Amino acid sequence: MNSVTSAEVMSHWQSINQRYLAAALVRIQSALQSCLLQRNSSEIVAVTAAPTWAELATIAQASSHPPALVVLSRVFDLTEFEQDLLMLCVGCEMSAEIAQLCAKVQGNPQLTYPTLSLALAALSEVHWSALTPVRPLRRWRLLEVAKGDSLTQSRLTLDERILHYLQGVSYFDDRLRGLVESCWQPVDLLPSQRHLVENIVEVWSQPGMPPVIQLCGDGIEAQSAIATMACATCGMQLGRLRAVDFPTTTAEREALVILWEREALLSQSALLVDYDAATPDRVAQLQRFVEQLRSIVIVVGREPLVLNQRSTIRFDLPKLTSVEQRQLWQQGLGPDVTATQQSIDRLVAQFNLSAPIIKTVVEETKIKHEKINSEIQNFTLSESSIETLFDALWNRCRMQARTRLDDLAQRIPTIAGWDDLVLPELQCQTLREIVAQVRQRTQVYEHWGFAVRGANGLGISALFAGTSGTGKTMAAEVLAHELQLDLYRIDLSQVVSKYIGETEKNLRRVFEAAEAGGAILLFDEADALFGKRSEVKDSHDRYANIEVSYLLQRMEAYRGLAILTTNLRSAIDSAFLRRIRFVVQFPFPDWAQRREIWQRIFPAKLPTEQLNFDKLAQLNIAGGNIRNIALNAAFLAADAADSVRMEHLLQAARSEYIKLEKTLTDAEIGGWT
178 MNSVTSAEVM SHWQSINQRY LAAALVRIQS ALQSCLLQRN SSEIVAVTAA
228 PTWAELATIA QASSHPPALV VLSRVFDLTE FEQDLLMLCV GCEMSAEIAQ
278 LCAKVQGNPQ LTYPTLSLAL AALSEVHWSA LTPVRPLRRW RLLEVAKGDS
328 LTQSRLTLDE RILHYLQGVS YFDDRLRGLV ESCWQPVDLL PSQRHLVENI
378 VEVWSQPGMP PVIQLCGDGI EAQSAIATMA CATCGMQLGR LRAVDFPTTT
428 AEREALVILW EREALLSQSA LLVDYDAATP DRVAQLQRFV EQLRSIVIVV
478 GREPLVLNQR STIRFDLPKL TSVEQRQLWQ QGLGPDVTAT QQSIDRLVAQ
528 FNLSAPIIKT VVEETKIKHE KINSEIQNFT LSESSIETLF DALWNRCRMQ
578 ARTRLDDLAQ RIPTIAGWDD LVLPELQCQT LREIVAQVRQ RTQVYEHWGF
628 AVRGANGLGI SALFAGTSGT GKTMAAEVLA HELQLDLYRI DLSQVVSKYI
678 GETEKNLRRV FEAAEAGGAI LLFDEADALF GKRSEVKDSH DRYANIEVSY
728 LLQRMEAYRG LAILTTNLRS AIDSAFLRRI RFVVQFPFPD WAQRREIWQR
778 IFPAKLPTEQ LNFDKLAQLN IAGGNIRNIA LNAAFLAADA ADSVRMEHLL
828 QAARSEYIKL EKTLTDAEIG GWT
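Its first residue numbered 178, the sequence shown is counted upward by one per residue in the numbering used here.
Keep in mind that the hints are not guaranteed to be accurate.
[Claimed, not checked] Dumping the calculated DMTMM-like pairs for lysine to aspartate or glutamate here, alpha-carbon to alpha-carbon at most 25 Å:
hint, residue 1, residue 2
1, 839, 773
2, 536, 522
3, 682, 493
4, 836, 668
5, 545, 560
6, 496, 733
7, 836, 767
8, 543, 568
9, 792, 824
10, 496, 689
11, 324, 429
12, 682, 702
13, 839, 819
14, 839, 824
15, 324, 431
16, 536, 597
17, 682, 733
18, 545, 564
19, 281, 270
20, 836, 824
21, 792, 597
22, 682, 659
23, 782, 824
24, 324, 351
25, 536, 493
26, 536, 358
27, 281, 321
28, 496, 541
29, 782, 750
30, 536, 398
31, 324, 350
32, 496, 681
33, 782, 597
34, 324, 336
35, 496, 379
[Stated by the list, open to error] Okay, the calculated beta carbon distance ranges per label pair:
hint, residue 1, residue 2, range
36, 612, 411, 46 to 54 Å
37, 610, 815, 39 to 47 Å
38, 309, 459, 33 to 41 Å
39, 623, 828, 55 to 63 Å
40, 241, 489, 29 to 37 Å
These are computed hints drawn from the structure, not numbers from a lab.
Since the model is a prediction, treat every value here as computed from it, not as a measurement.
Backbone N, C-alpha and C define an ideal beta-carbon position, used for all residues, glycine too.
Model the full assembly from the supplied sequences, consistent with the hints where possible.
Printed below as a string of C-alpha cells:
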C-alpha cells in the first residue's frame, strides 16, 4: 500500500514538474518573440503571452514537493536572469521552435544555440556577472561556455546532468562512474550499531556546516551499513569513494570536488570516503579533498583521517556484543544446531568477528560440508556431525582472523604437545591453569558476573622468564596447540621506536588485529621495553614508562592470552610484575631433565645407534641447544649415509659450543667414543 502511494505521489510530482517546466519555457519563447519583433518590425511575429513568476508559483504549489527548477534555483541561489538564461539553454535542447527563434533573433540561420549576447538582448533583469566564473552557472558547471569566440558570442551549452534533473530524472552523474558508487539499500543493524546511527543523525541535526563524521574501526561492511542507515533516516542518498579509485591528477581531483559538491546538492547525498587502503601520498590527497568539500562527509578507516581545515567528530565502531554474536551464529546455523549452545559459546568467547564475517564463515562451512548441510536442512544432524561442524567453524574462524595479523607478526607453527615439554611439575601446573582460564572465560566473566566489575584486568597475561633455550617459546606452542589457537611472535625490540608515539601505534595495530581471533600473542625480548624503572630525569625516561604502561593496559584488556618473555626476571620492575596474572620461571635443566630432553628429541623415524643418554646429559646446556646438536648430528649422519651415532653428536656439540663461546670440557664428553 505504501509503495503504491509513493508511486502516485511521484507521478503527481512528475506531472506538476512538466507543467512548470513547460510554463517556464513559454516565458523564454515569449521573450524571444518580443525581441524578434523589436528587431524586425516588418516581420509578423505572434507573441505568446508569458506566464508571470506568480503564475509559475501557483503551479508549483499544486505539489507538496517543489518542481526541479525551483529546487535548483534555491540550492544554487540563482537570480531571475540566471534562471531564464538556464531555461534558454533548456529550450534550445527541448524545443526546435525556440532554437529557430534563437537563429532569427541573432540574424543567422546557423546560430540555433544561445549566447550571452542573445540573453542580454532578449531576457529581462539582465546582469553581465551571470557568466563570470564565480557565479553559480559556471562555478557549478550548470552550463558550459564554448571556447574560441568572445564571451558574448560563445555558445552556451546546458550540462546533460542538469537537463535530466530539470526533467525529473534523478541519477548519479555519469562522470562520477568509476569513482563514486551508490550505497542505496539500508540493511538490518544490530542494537549497538543502531545506537551509533542515532548519534550521527543527532550531529547532522545541528545548524551550520556539519562536521566530518569519522567512523573508526574494522569492517567496511558495518561502517557502510551504519552510514547508509543514517543517511536513509535523514532522507539522503550515500555515495562511496574508495582510496584506490581516487583520481591521480590534480585536474581530475579538482573536477571531482565540483562534480560531487554539485551532486550532493542536487540529490541530497552524503559521501562516504573509505581511505583505509590508501598509500601515504594518497592519504595526503584525500585530506585535501575532504577539507575542500562543504557537504556531508563520512570518513571510514581503522584510524581517523587527520583534518586541519574542517571540524570532525569521531565515532568508534562498536564491536558486536556477545549476545549479538551469539544471535548471528544461531540464525546462521539454525535451531537443530543451536541446541549445542556450549559450542556456540566457545566460538563467541574466542572469536570477536563482525556480522558479515560470521555469515561468511557459516555459509562457506556449509558449502564445504555438503553432507552436514543436508542434515541441517532436514533436522537430522548427528552428534558426530555437530562435532565435525564446529571443528570446521573453529578452523575457518582462525583463518579469517589471520588476514591482518600475518602482516604484523610471525605466525609460529604449533606442533609441540605436553609430551614435548620437560619442566618441573610446578611450572607445568601453572601452564595448565593458564589453559583453564582461557577456556573458562565465558563461564567466569559472563555467567558468574566478573565482567560486570569492568573490562580492566580481564585479559589473561603471563610472563615467561628464563635463560635462552629453556623452553619459553615451546611452552607457548604447547598452550596454542592445546587451545587450538594461532600463536604469533612479536619481537618487542623491533616494535619499540625512538619516535614518540610510534611504539604505541605499533602495539595498537597488533592488538586490534588480534582481537578478531583471540590469537596467543608472544611478545619476545620484553627486556627491550621493560626494565627497572629508574628515576625520571628527562622526557625519554618518562616516555619509556608510558610505553610499558600502554602495553600492560592493552594486555589487561585483551580478550585472548598475551605472553611476555624475558631472559632475566629480576630486570623487570615489581610494579609491572603485579599487573601480570601469571609468572612462570623456566629453570635451567638439571642432569635428569637434560637426559629426558635427549630421550625425547629424536623423531621415531630417525635411525640411531648406540646412543648413551646418560653421557649426553652431561652436557651442561639448555633444551634449545640440545635440539640444535641433535638436528646438526642428523645432518652429519645423513651426509655419511649412516645412523646417528655418538661421534656425530660429539662433532655437532663442538660446533654448538663454539657458537656459544663455551669450552667443551673432558668431564662433559668423557667416554663418548
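Hints and how they fare:
1. 839 - 773: holds (23 Å)
2. 536 - 522: It holds: about 16 Å lies between the C-alpha atoms, which stays within 25 Å.
3. 682 - 493: holds (16 Å)
4. 836 - 668: holds (22 Å)
5. 545 - 560: Measuring from Cα to Cα gives roughly 18 Å; hence the hint holds.
6. 496 - 733: holds (18 Å)
7. 836 - 767: Measuring from Cα to Cα gives roughly 22 Å; hence the hint holds.
8. 543 - 568: holds (12 Å)
9. 792 - 824: Status holds; Cα separation ~12 Å.
10. 496 - 689: Within the cut-off at roughly 11 Å; holds.
11. 324 - 429: holds (20 Å)
12. 682 - 702: Measuring from Cα to Cα gives roughly 19 Å; hence the hint holds.
13. 839 - 819: Not OK: residue 839 and residue 819 at ~29 Å, beyond 25 Å, violated.
14. 839 - 824: Holds - the C-alpha atoms of residue 824 and residue 839 are around 19 Å apart, at most 25 Å.
15. 324 - 431: holds (20 Å)
16. 536 - 597: violated (38 Å)
17. 682 - 733: holds (17 Å)
18. 545 - 564: Holds, at roughly 15 Å.
19. 281 - 270: holds (17 Å)
20. 836 - 824: Holds - the C-alpha atoms of residue 824 and residue 836 are around 19 Å apart, at most 25 Å.
21. 792 - 597: Between residue 792 and residue 597 the Cα gap is close to 21 Å, so the pair holds against 25 Å.
22. 682 - 659: Violated - the C-alpha atoms of residue 659 and residue 682 are around 31 Å apart, more than 25 Å.
23. 782 - 824: holds (20 Å)
24. 324 - 351: Holds: residue 324 and residue 351 sit about 23 Å apart, inside 25 Å.
25. 536 - 493: holds (22 Å)
26. 536 - 358: The hint holds at about 24 Å.
27. 281 - 321: holds (23 Å)
28. 496 - 541: holds (23 Å)
29. 782 - 750: violated (46 Å)
30. 536 - 398: holds (12 Å)
31. 324 - 350: holds (23 Å)
32. 496 - 681: Given pair residue 496, residue 681 holds - Cα atoms ~21 Å apart, limit 25 Å.
33. 782 - 597: holds (16 Å)
34. 324 - 336: Measuring from Cα to Cα gives roughly 15 Å; hence the hint holds.
35. 496 - 379: holds (21 Å)
36. 612 - 411: 46 to 54 Å: Given about 50 Å between the Cβ atoms, the range holds.
37. 610 - 815: 39 to 47 Å: Given about 42 Å between the Cβ atoms, the range holds.
38. 309 - 459: 33 to 41 Å: Once the Cβ atoms are compared, 34 Å apart, the range 33 to 41 Å for residue 459 and residue 309 holds.
39. 623 - 828: 55 to 63 Å: holds (57 Å)
40. 241 - 489: 29 to 37 Å: Check passed, 36 Å falls within 29 to 37 Å.
Checked against the numbered hints listed earlier, the structure breaks hints 13, 16, 22 and 29; every other hint is satisfied.
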